[in-house]
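Visitor: Sequence:
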Amino acid sequence: MVLCRISTKIREFCRFGGRTVAIFLYIFIWNNFRLIELPWDSPWTWLLCLVFQDLMYYCGHRAVHEFGFFWGLHTIHHSSEYYNFSTALRQAAIQDAGLAIYDVLQAFFIPPPIFLVHRYFSEILQFVMHTSLFDTLGPLGIVFNTPSHHRVHHGRNPYCIDKNYGGVFIIWDKMFGTFAAERKDDPPVYGLVHNENTFNQIYLQAHVLWDMLYFKGQMKNEKGEPLFPGLTNKIKAALYPPGWFPGVPVRPFFHWFSLVDTAYGVPEPEKPVVKYNPPLKTWLKLYLLGHFTLLLAIFLHFEYDRPRLDYVDFTLKIAFFLVTMQTFSAFFDKCWYAPSLEISRCFGVMAYFGFLMTDGTGVAPHRVFLFSLHGISALLWIGYCIEERINASRIVHENENEKKVAISIISKADSLTPTAPPQPPQPPAQVAIHSAL
Numbered sequence: 029m030v031l032c033r034i035s036t037k038i039r040e041f042c043r044f045g046g047r048t049v050a051i052f053l054y055i056f057i058w059n060n061f062r063l064i065e066l067p068w069d070s071p072w073t074w075l076l077c078l079v080f081q082d083l084m085y086y087c088g089h090r091a092v093h094e095f096g097f098f099w100g101l102h103t104i105h106h107s108s109e110y111y112n113f114s115t116a117l118r119q120a121a122i123q124d125a126g127l128a129i130y131d132v133l134q135a136f137f138i139p140p141p142i143f144l145v146h147r148y149f150s151e152i153l154q155f156v157m158h159t160s161l162f163d164t165l166g167p168l169g170i171v172f173n174t175p176s177h178h179r180v181h182h183g184r185n186p187y188c189i190d191k192n193y194g195g196v197f198i199i200w201d202k203m204f205g206t207f208a209a210e211r212k213d214d215p216p217v218y219g220l221v222h223n224e225n226t227f228n229q230i231y232l233q234a235h236v237l238w239d240m241l242y243f244k245g246q247m248k249n250e251k252g253e254p255l256f257p258g259l260t261n262k263i264k265a266a267l268y269p270p271g272w273f274p275g276v277p278v279r280p281f282f283h284w285f286s287l288v289d290t291a292y293g294v295p296e297p298e299k300p301v302v303k304y305n306p307p308l309k310t311w312l313k314l315y316l317l318g319h320f321t322l323l324l325a326i327f328l329h330f331e332y333d334r335p336r337l338d339y340v341d342f343t344l345k346i347a348f349f350l351v352t353m354q355t356f357s358a359f360f361d362k363c364w365y366a367p368s369l370e371i372s373r374c375f376g377v378m379a380y381f382g383f384l385m386t387d388g389t390g391v392a393p394h395r396v397f398l399f400s401l402h403g404i405s406a407l408l409w410i411g412y413c414i415e416e417r418i419n420a421s422r423i424v425h426e427n428e429n430e431k432k433v434a435i436s437i438i439s440k441a442d443s444l445t446p447t448a449p450p451q452p453p454q455p456p457a458q459v460a461i462h463s464a465l
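Those letters in the sequence shown? Residues 29 to 465, by our numbering.
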């Protein structure tokens, strides 16, 4: 759950670049280039807008799965090996920038207020879809999207790949051949086809995008020959579906290509399924939970205070959020450098609030609290690192003593073992001489 909130925060940092630009473009196109003036108070307008907006959602959602490097904008949402409401919060940072085109296409005839209502209604509905509490919902699943349909969408079983993109309606998947029903004998196993086994947020947000744009085109086979020879194939590697290789059949859809066989090359999930979840000690979980709660409060205040921040203060707070989230990820991954990173983070916070309290702005209670809390946290982790170093030295010393004892025992055993008496020399072998008579 903490990881999902972290990814939500990263998305919020970058949201201006996508959603806000799309809204400005939408209003500009509506004011200057709309093709028809639909009455905003007509029920038919709202119904038409609902259907068309959901069609555009289908196209955009399908694009971020099939249109080459666009998959890198959406990967983190599917990287969770769990399927619950928290998965809905696990969002990509720059996805809105990629989906902006499918929003503004509606601006030629859908009034902005109606578009926004349907857009956010769809987002709320998508949140509700991320649950395993409901089954098929009966006849509703014929026309409407259901949690069962969306569970298939999140599965990494071969039959689940690139299926069920619908938002409100599932009819688009049935019309365009991307529908698959949930199988009781083969329930969806969640996550990526090849799970990353890390909670590193920056890596999860960006690595597939970089892989699709560059590394995929550089892949070679076991003979050292390029899998994507020539410039054309390298461009296709970045623009064709993630599972495409030269020779794999594709078909056009809208402005991209889809795989003819979406299950091609997809392995069956391992059995039993082993989820990546390194165990943490209870005290560390409580520590991270407390600091995350504090981070959430600081972020909410940052959202309120953001218009009044200068460039330096804004940049420092963004850096604080990113470093804090990376530190949490390092603890979740049990990285050896996590305590050192946390100490540096705490010292950075202390330096920031120490400067604020001495530059004439005053010693506010919340500044003293944050300065003291991070100071205590830094001392805690310094003590932890010292203790770990002492324990490691003691273990090495004990191992060396055990090794010396073992060598001593072996030497004594060798000295007590009687030596065999020397063997007399053997007579030379007799050589038979055969005479010819």
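By construction, these hints were calculated from the structure, which means they are not laboratory data. Just so you know, not all the hints are guaranteed correct.
As the list claims (entries may be wrong) - Label pairs and their in silico Cβ distance ranges:
no.	residue 1	residue 2	range
1	Pro-295	Gly-258	23 to 33 angstroms
2	Phe-243	Pro-306	47 to 57 angstroms
3	Pro-277	Ile-64	35 to 45 angstroms
4	Ser-160	Gly-258	22 to 32 angstroms
5	Thr-386	Leu-153	44 to 54 angstroms
6	Lys-212	Ile-346	38 to 48 angstroms
7	Leu-153	Lys-212	43 to 53 angstroms
8	Glu-415	Asn-261	48 to 58 angstroms
9	Asn-60	Pro-306	48 to 58 angstroms
10	Tyr-187	Arg-62	41 to 51 angstroms
11	Val-49	Leu-168	27 to 37 angstroms
Glycine is no exception: its CB is placed at the ideal position from the N, C-alpha and C atoms.
Visitor: Just tell me: holds or violated, for the beta carbon distance of Pro-295 and Gly-258 against 23 to 33 angstroms?
Guide: 28 angstroms, holds
Visitor: So does Tyr-187 sit 41 to 51 angstroms from Arg-62, Cβ to Cβ?
Guide: Since Tyr-187 and Arg-62 have Cβ atoms about 42 angstroms apart, the given range 41 to 51 angstroms holds.
Visitor: For the pair Leu-153 and Lys-212, does the Cβ-Cβ distance stay inside 43 to 53 angstroms?
Guide: 25 angstroms, violated
Visitor: Pro-277 and Ile-64, beta-carbon distance inside 35 to 45 angstroms?
Guide: 40 angstroms, holds
Visitor: If you check the beta carbons of Glu-415 and Asn-261, does the distance land in 48 to 58 angstroms?
Guide: Check passed, 55 angstroms falls within 48 to 58 angstroms.
Visitor: Just to be sure I understand the hint, the distance between the Cβ atoms of Asn-60 and Pro-306 should be within 48 to 58 angstroms; is that true here?
Guide: 54 angstroms, holds
Visitor: Taking the CB of Phe-243 and the CB of Pro-306, does the distance hold inside 47 to 57 angstroms?
Guide: Hint violated: Cβ distance 26 angstroms, outside 47 to 57 angstroms.
Visitor: Tell me if the beta carbons of Thr-386 and Leu-153 are separated by a distance inside 44 to 54 angstroms.
Guide: Given about 51 angstroms between the Cβ atoms, the range holds.
Visitor: Confirm or reject the claim that Lys-212 and Ile-346 have a C-beta distance inside 38 to 48 angstroms.
Guide: 47 angstroms, holds
Visitor: Between Ser-160 and Gly-258, is the Cβ distance one that fits in 22 to 32 angstroms?
Guide: 46 angstroms, violated
Visitor: Just tell me: holds or violated, for the beta carbon distance of Val-49 and Leu-168 against 27 to 37 angstroms?
Guide: 36 angstroms, holds
Hint compliance for this structure: hints 2, 4, 7 are broken, all remaining hints hold.
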